[in-house]
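Trainee: Sequence:
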Amino acid sequence: QVQLVESGGGLVEPGGFLMLSCTASESIVGFEVMSWYRQAPGKQRELVASTKYDTESIYADSVKGRFTISRDNRENTMSLQMNSLKPEDTAVYYCNGWRGGIAYWGQGTQVTVSS
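Take our numbering: the last position of the sequence shown gets the number 118, and nothing is skipped along the way.
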């Protein structure tokens, strides 16, 4: 079974930046959709950004213009560049991939935005 592993989380000051990476244990070519979700304490998990073959990426309104999602099928990775970070971006960020009707999740990486 494919495994997704996130990395790149950490503590950053408001206005700072981070890049999250999601590395798959096998080829991601077959993943129709790959996404980043996040879950803040006491809140439901929410979609942050998603990328699908042959269509434009989509973003939550709260991150538009600040975050950029990308995928590299040769390296079996997906990334999330996060700029101009705000305290409200603090959450555990999860990598997600859909393949053949099955959703795969990573274990999550903590992002904390605080001064």
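Be a bit skeptical, because a hint or two may be false.
[What the hints assert, rightly or not] Only pairs whose alpha carbons sit at most 30 Å apart, straight line, appear in this in silico BS3-like list of lysine-lysine:
hint: 1; residue 1: K55; residue 2: K67
hint: 2; residue 1: K89; residue 2: K46
hint: 3; residue 1: K67; residue 2: K89
hint: 4; residue 1: K89; residue 2: K55
hint: 5; residue 1: K67; residue 2: K46
Derived by calculation from the structure, the hints in this document are not laboratory data.
Trainee: State for each hint whether it applies.
Mentor: Here's how the hints hold up against the structure:
no.	hint	verdict
1	K55 with K67	17 Å, holds
2	K89 with K46	17 Å, holds
3	K67 with K89	13 Å, holds
4	K89 with K55	27 Å, holds
5	K67 with K46	20 Å, holds
Consistency with the previously given hints is maintained throughout, with no hint failing.
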